[in-house]
Amino acid sequence: MAANDPTRPRRPLTELAQKYGTFKNRSRPDIIDALQGYKSGLTPVSPERPDDSEKRREWKTTIANYQDTVIGGFPVPWSRALRAYIPTADADFASHWRKFELENQIHPLIDGPQWETLNGCLKNYPPPLIGDGNSGFMVADNPIVWKVLKPILQLTTRYLDNSHLWPWWDALLTEADCNNKSTEPSPHFDGMHNLFFKRRTAEEIYNKSLPLKDLLREMAGKWFLCLRSSYRDPAHGGPQDDNWWGVTIPTAGPGKGSVTLCTQFITSLLRSDLTEPERVMLVNFAARTLCHEISHAAVMHYEERIDPRHPTKANENLPEPYFENEGYNEVGHSLENNILKSNHCIVHSKNGLPLLVFDATFPYPGINKEGGDIKYLPPGKELERHTDVRKLVSIEWMRLFLDADFWDYHILLYGEIALFSDDPVASRLEFWNQDENAESIRNLQIMKNAEVHPDVDIGPYLSPWDKRAATILNTRRSLHRLARDRLWEVVGIPLVQGQPPAPEAPQAQGTEQNQGGPQAEEQPPAAGTEGQEVPPEALAPAPAREPRDPPTPTSAYELPDDPPPVPTAGLVAAAIKIASYLKQFRNRLGLHVVATCAEDALWFHLAYLVQASKGPVITAAEWKFFLGACNSTGAMLSWDPASMIVHSINSGWETTGPAQAPAPLPSWPEPTLPQHDLLRMIKVVRNYIHRTPEHTKPDALTWHDEIQLAFHFNFKSDNVGLSTANFSSICLTYFSTCWTTGPLGCLQWRAPTYFGKMMSAVRKYVYAHSETTDIGTVLPADLVRDVINIAFEGDGANDKYALFVHERGRTADNPRWWESALSQLLPDYFSTVTENGQTSILFTFLYLHSRERLAKRLTQEQQRAVYKFMQLYYLDGTGNRKAWPREVRAVYNAYQRNERLKIHLPRVFVSCFGMPNNYCRINNERMIEFTSPPPKPDPPAGTEGENSQGGGGGGGQNPQGGDQGGGQQDDDQTRLREAIQAQRGGPQPQGPSQAPGGSQARGGRQARGGRGARGVTKSQGGRQARGGTRGQGAFQPQGGARMITQPGLPVHGGQEQQQQQQQQQQHQHQHQHQQHHHQQHLEQHHLEQQLQQQLQQEQQQHLRDQLREQQQQQELKRL
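Numbering (this note's numbering), first residue to last: 81 to 1199.
Keep in mind that the hints are not guaranteed to be accurate.
[As the list claims (entries may be wrong)] In silico DSS-like cross-links for lysine-lysine, where the CA-CA straight-line distance does not exceed 30 Å: (1) K796 x K302; (2) K104 x K140; (3) K293 x K421.
These are calculated hints, taken from the structure and not from any lab test.
Start from the sequences and build out the full structure, keeping to the hints where you can.
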């Protein structure tokens, strides 16, 4: 095409295009064609001329319609007439303006010491460099920044410190029990209440005044202020879907919240071509934004004082309150609406420069969206038809706020009503209706014959104070009157009422300017008369235009690609130097692994290290050129200019030629915690890693400020009080699979790309296997490895991260990572056991049924059988006191003769042992641990024959079978031991007697005092039997006659006496046996009562949980 002929000279950019940029959105080729690549689209369109061709009229209409869209639907001529259009303000009316500045002190809450410093900044996302020829970082103690920040803070102070503007603050900060506050159940959230507050009457304020001035000052020191780019997440610098002017974060650091202003305010105010109207608009809007965010901070700061509600969950912020009948709980906008008396919306260009400001209705769903806990009342209100009355805000009106007399005299005399803007002479109505079937209403532009009062007579009778206040009032009325007259003239309304409109009345003001002023859209910027039109007042024919390149486009224009930057020798040398510094400080910057960070953050830390080594300053232009060179060569770094995110890659780090050796990796101290506390904190940190998904996202930044991270950990972990040093040390020492060192003050996330998907896959795996797999079962190692390695490869499903591939996403980079993850991250799911040099993976996930669900899965017979088994196993001494649930279930099923009593569901079986009982527990290793059995009575001394071998298991000729009795109980005990033997794989000792050689049989109990000769007791210091008394070389059974024995000698007494003694002993054993069984019966009855009570409590809790789940499901369906 002719328009894209490279040999054809292109028109130079207009003045406004040089400042605001050109339109490059390829989705609108009609606008690209109309603006021809050299226009901004913001220069007002000149009036129509009689000699304009149809093509030219269409071209002007296209540009005018585009301008209306860009600046919020207001025609440019209207905006200029009302002194609201920034691009032409300096040429239209403000070229003679002197600079208005306030001189008051700054409020302590927002003064210099409350702002972020380089030493105290968040190290994962530090403040950016200023750039654009300015030195230093974007911090308040930088004199360059402070010079343009100070007027914003002074105006903010006027809003905060003026007692005339405190009624809204008084209503908000009253105590929780004040009668101006009330609560109602929330229709949006179950179990939540909404808070409402309203203004107090003058009498109520007089009877109980609040120290509002002190309350706002007391927040100083608990909040810090900072500057960050509005196009990034304010917490970590990552990409985000939307931009912002200000953000308030309640947990931005240790015990502090943060209020963040966007850096675009500062960069715009630092422009060398900044005009005074632009400065006025930026200072006003930035001060309003800061007041808006301070209101959010006050609600968070004084929540316990002002809010009668209580959070239902730990670390939960309550929804913000509703003011009177606003029906939208966003206190920042409520402050603007009730203190600043307007809700300003700024329209800006693509490069962030302001174009105009309009005042909008609040709340209006087209602007004020629902989100999170910000909701409309009543529900569905946002779906109704709404009307937004938009009024242009005059730059001259905003300029008055920077005049000290306006605050010192005008507001002092008229109070808060002085902040109401004058009656608008024009407005635009926009209609909102989300109902697709409803009839749409076209937006309207309304003109109003606003009444302007005559000026106040400033006579000698007025005091000096009243004269200055009246001067401000007359200034306002004069500006209002002139704005009305200019708008009438623009639209062709005669200035004298009753006079008919002039036949040639213009529809818009003339816009033609000489070279150096704003250009008409169709007017070329070249000097001289070539291509220029005769001013519209002359209405003369236009002179001949250059046929080769006329102002009116005659051919389609196609946007060319941006030419590549031409590298200079200085940039190339700087890039080589930057590369050498990066290689030298690679380990100190955390680039030894794949790091993902904001480009400003890497620039900050590199500049800090270079400066410490007395190196040169790295400028913004040099840094951008170096990042582009890395992209073109595929070495060292990967840079995304759109998101401004940098990834380090593994290639290109080789040193060439003489270079300094890379600095070593930073070291860290060991945790300084006692062993018990250390083990507990390791578990808490592991839970935090599992439950913090923002760290695990594939596109998340990997640098985290260690102080902020430790604070966030304590905040999410019920304030366990772990210090930053110990938290960092635990992460680096015991969780090296996830964390490594980063730049100074940072921890770095290093887990594979799909760590979050791996954790989800592991949980699905263990939850599914918990129903069919016993705890303690050996799992196939290959299967477990494949589940864990999802962290590298993903699960094969297509998602938005499918193309997000870098070195953290390859299994080959770390093939044994899964083994470390098994022990560091997944001990609650798996355990490793090494035996005979071979390592096995055991299933150890404990997922218990509740008592109510367990009762539905077991019959009454099975429940009694399990309880009886627990009791028998507890009393028996042959089984292992600690065993895997797999082993215990095998013993239980082998013990049962009735098939109906066997349990084949592992989760059901282990849940039985998780219920409260006196016999066993499930320990931290997921093993069933039985308590020690009660001691058994020692055999009677001096007896021989079969009775002397009866032991605790019963037998011999004793009809009761010793401690266990005889009959059925003896049979149960025998079957239990047989089941235990079968589980062990062979015969085992049956009683507490010792095997040859003196070793104790497994599961048996060694007699006190050692083993003596058969039928006799140990003399001279032998141990006293349980319940008896000891004489010299003698043993007295409890309750029996005294027998004197001596090793090697027969027992004295006749046969009759011996039989009598045996009968007494048998009677005594029977009595003890009866007492023992009675005690067991009482314990069992007491336990059953406890279990029944707990079952009732759990049933009630289950019903409450079911109700809550139903309510949540209903809420999800509604959403």
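In ascending order, which of the hints set out earlier in this document are inconsistent with the structure?
none
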